[in-house]
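**Student:** Line by line, the protein sequences are chains B, H and U. Reminder that position 307 of the first sequence reads as 307 in the working numbering, one-by-one numbering, no gaps. Reminder that position 131 of the second sequence reads as 456 in the working numbering, one-by-one numbering, no gaps. Reminder that position 290 of the third sequence reads as 940 in the working numbering, one-by-one numbering, no gaps.
None of these hints come from the bench; they were simulated from the model. Fair warning: there could be bad hints in the mix.
As the list claims (entries may be wrong) - To be clear about the criterion: a stretch of chain U counts as covered by chain B if any three or more of its residues have a C-beta under 8 Å from a C-beta of chain B, and this derived list gives those stretches:
#	segment
1	720-734
2	1034-1047
Unchecked claim - With a straight-line Cα cutoff of 30 Å, these simulated DSSO-like cross-link-like pairs (lysine-lysine) come out:
#	chain 1	residue 1	chain 2	residue 2
3	B	Lys205	U	Lys722
4	U	Lys1001	U	Lys1021
5	B	Lys195	U	Lys762
6	U	Lys1118	U	Lys1058
7	U	Lys1021	U	Lys973
8	U	Lys1058	U	Lys973
9	U	Lys722	B	Lys195
10	U	Lys973	U	Lys1001
11	U	Lys835	U	Lys762
12	B	Lys206	U	Lys762
13	U	Lys722	B	Lys206
Beta carbons: idealized from backbone N, C-alpha and C, even for Gly.
The primary structure of each chain is shown beneath.
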Amino acid sequence: MTPIFLRPTVRPFLILVGVVLLLAAIDAGNGRILTVATAYSALQSFSTFALVALGLGLTMLIGEFDLSIAGVFGLAGCVALTTGAENAEIGLLCAVGVGAAFGLLQGLVITSLDLGSVPVTLGGLLTASGLSYVITHNQAISSDNLDLATTINDQIAGVFSIRSLVVLAIFAACAIVFAATRLGRDLVAVGSDRKAAIIAGVEVKKLVLGAFTFSGVMAALSGSMLSYGLASASPSGLSDVLVPSAAAAILGGVSLSGGTGTPFGVAAGALTLTMLRSGLNAVAAPPFAHDLATGLILLAVAVSDAPYLMRRMTFLGSRFRRTLE
Amino acid sequence: MSIEQPASQSWLQIRAHFGGLARTRMATTRAVVLVALLIWAALTPSFLSAPSLTALLTTASVIGCLSAGMTFITISGNVMSFALGATAASSAMVFLLLLNAAGLIAALIGALLFGAALTGFQGLIVGWIRANPIIVSIAANVLIYGAFTWLTGNESVNADANASHSLLKTAIGGVPIEFLIFITAIVLGQIVLSYTVFGRNLLLVGSGLPAAEAVGLPITPIVFGAYCCAGFLSALSGILLAIRYNQANMSFAVHYDYDAIAAVLVGGTPIQGGDGSMIRTLVGVGAISIIQVVLLLYGFEEQWRYFATGLIVLLVIILYSGRRV
Amino acid sequence: MLVARQLAKSFGQIEALRGVSLNLVAGEIRGVCGENGAGKSTLMKLLMGIINPDSGVIEIDGRPQTIENPQKAQELGLALVAQELSLAPDLSVLDNIWLGNRSIPFLHRHAKFRRRASEALRLLGVDYDLDRLVRRLTLGQRQMVEIARLLVRDARILILDEPTATLSDVEIERMMSALRGLRAKGRSILYVTHRLGEVFEICDSVTVLRNGRDVATHSVADINRQRLIELMLGRSFEEMYPAPAASPSATQSLIISNLNIAGAVSDFSLAAPRGQITCIAGQVGAGAATIIRSLAGMVPEATGAVTLDGVALPLGSISNRVKRNISFVSEDRGREGIFRRNVLENLVAAKMPKYTRAGLLSWAGLRHFAKELCRRVTLDNTRLDANAFDLSGGNQQKILFARALGNKEPGVILINEPTHGVDVGARAEIYRLLREFCEMDYILLMASSDLEEVVGIADTVVTMYRGKMVSTYQRGRINMSAILADITHPTENNRIAS
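Pulled out of the complex, with its shape left as it was, chain B reads as follows (with noise of 0.2 Å):
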């Protein structure tokens, strides 16, 4: 039995918990990490990619895998500049609309063809990068739209701002479908045992699909939402959200096997990661302190997740102990 403050469930929050309190310790009483302003710019970055990571758990929940998001991200970017000179909405509609039909079509080859999902959001990924060139001419655009870009990342009560807004509201709505709603459950038996689920009558297509239109539809407002806040996109990309989410989703307690992660425990995964690096900002960290702790977190967790590793460590135990009799 695991020890509850391992359990999937409860361990984003204390890990979450857990960077906060380092924080405040390498602040010491200096007042430079934990401030207002800290909590804004993390809240920024957390608005960026925490989405993205809600879309990408809710496909690792049910036992796939959506590669293709971060060239989703990047597309909905230009396609929300290109098509919303005029009118942003209409910009964002159409972003939107093209993630959703990017989930659409690649959850269809899936099912209908029964084929995994890594080769085939791989195939998406290349392609929605490639539209992305085709779409900019294959240079970086930017928008005249500034006042569009203030109100957006406006602060509103210093800590938050529109797009953050937007973003807790989502992850709020998720979290009471989730855990109130027939679809909840049945999203974690399509991942915790697909034939289980086919056999007992879950309509285990309808939900696969879903959850790859939702996790563009995901990917494409967040990209949207970035793009319009810097009043620029980049058919490369503007920033690398693969990293990000896949590990704000497994922080949050998402299995790569399915069956277990909560909206919650992604959100407080996402934050986790967002104070670390807001934090190592405010002490002027260079970069790639932000890496190496991101990527030790990673190993960590996924050292401790490993199904040998119980195994592994008594073995090593037990010699240990015959060496010294």
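Starting from the structure of chain B, add chains H and U where the hints point.
**Tutor:** Relative to the frame of chain B, chains H and U by itself:
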């Protein structure tokens, strides 16, 4: 008997035609496609002119070595690694540092061993305690970037003016040396896969890990060996880059992991492992490269080439991918 | 209520059903019997829409229906408790009971659903915590949750596929009375089982499947056990199981002392001599299969002392076991036996190092070796390059047995469920093969939940119940009813100190 989620009957027949289990059918299709590509290439104006062919061969060879390394990991059933590109870049730096300090032989041995050890360590974690290979490679990727950016202060390593590697830049009989090295790597890799106990064991482990355990195969050394081979070949790729550019930094090989896995999959190695060969990866690398160069010569701009490649990879993956495990 | 006509289904080259017809009325409990591979599970999956028939008609209430998927089956009033448990381990008992139920609304956290779930569990005489994750339940408890799911479905046609495999007597009794209650309400039940005793206890009638066809349907009053077995086997009992050659010389052996596996097996001891087939008989979950697995090195937490031919064998290490020439034939050959590669590679899997010259493999040598193995186990050697997964169950099993050959000395073969998923024709060949291994002086130790098989082939039978050994029977004194009694409800009377 297994549960079958019914895919449409006619599609199954089509798939049975192209991507079914019959090895001969798959091989003939691949041969036909390759011949068609070659004919298309040969008929393209100026394809056979020396500069374009040389450029094609050089670029393809560098990515090809990495793809060959990726093949070992995919065959072992561990899907892919996101860290091979970083391994290539860091090995390139190690190569140049050793070259400047101790000469060519030491540089070659040192860099290759470094790449093998760096990836082999990941293989130990994956093989011994069965940690998730995707997360481990994502963590390794981030750690390598962080560590090397730190160690080199984010600057390039340059080759000294009198470094002894210039002899490696020649072409032999008009064929660039990178290509010869790549072909040698493919041939040696294929010999390992087809004619050594390690290679056959690797295929068995990938095609059924519990069965391999039950029959007594030593899983940890086999997986470790596969990752070492992958690291060795990635280092080789990095060395070729270092030789070509006379410098090395961590911005090299950034997207190589995606290109490599695309080449592996297009060549026909299934993502779930247990089957595959170096020859198939050679075909995959060749096919993608030929497509890109032909499109270039027909005057397509870079963005269209990128998009077309992504689309074609997606289509081939759909045609060849087997059922999910 | 339910009529099936000439249902047929093939998987590649394997014809699972060749034309099965069935006629079920309201308020009837129909037993469905047949050997491994007769087609029982396939028939049930067809009825539930998990797979679709190649030909044939299904009529519900007189109207022909196509059951494309499990949702449609549920709408038509069908419900299934499958042989492989279909619970999601990461969901709670409550969620699993209601999983996939079409009468549940979107917002499903309603008190009335909790109540109905508790009622169903109470009907079965159990009282599990509704919020407990199924992952934490034992096999028997999970089975009860599956049956509870069936009960809340309120289906008109219930299908149970080997429902009592992991249940205790008390639980079985509760389930039976719940089924009788349903019958009184006019529901129809298809009861697939191996356990002939249960057929006579609860069924009104029985249909026998053999080789993919329905060979007979009788009312339970018109048939007896002997006749039932004959219908299932298609041949008389004696023809299936070859007798041992002569009285074997039991010199060296495999000796197990005080084997303990936490939660599964307590204090098990046994001596399995060379040249004999020793069989551990028990229901699924009684621990027989776990004992075999622990000898195969697959259970790290097993403790106890094992010696082979006088030399100690450490438990928990597969490499040690292989070094001592002990082969393991798993009950799950699709996962732990056969690789997704061709027959040749499957045959020579662990023996390749012997066929290398200067570090490189000699494929000619390997192929020659593989052909020799095929000859020894009567496998068609022209199919060496076919994918092993395309072979029939019987041929796959022969591959696994062939792996025990090729060493200089006769070794030990540990087997779990030797003829699981093997059709009748191949089963006789496998039993012949097992006898040949005995004549070559191998030690054969097997675990089987198939009583006919145990009684037919074993030289020594050890019965198990809930992890403890009950009694031992030698050839000549092997008594099917005594063994059945041991493994289902041992009393002080039939426990023999060995």
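**Student:** Taking the hints in turn, state whether each one holds.
**Tutor:** Hint by hint, here is what the structure shows:
no.	hint	result
1	720-734	holds (count 7)
2	1034-1047	violated (count 0)
3	B:Lys205 / U:Lys722	holds, 15 Å
4	U:Lys1001 / U:Lys1021	holds, 14 Å
5	B:Lys195 / U:Lys762	holds, 28 Å
6	U:Lys1118 / U:Lys1058	violated, 36 Å
7	U:Lys1021 / U:Lys973	holds, 24 Å
8	U:Lys1058 / U:Lys973	holds, 13 Å
9	U:Lys722 / B:Lys195	holds, 17 Å
10	U:Lys973 / U:Lys1001	holds, 12 Å
11	U:Lys835 / U:Lys762	holds, 23 Å
12	B:Lys206 / U:Lys762	holds, 27 Å
13	U:Lys722 / B:Lys206	holds, 15 Å
Violation of the numbered hints given earlier is confined to hints 2, 6; the remaining hints are satisfied by the structure.
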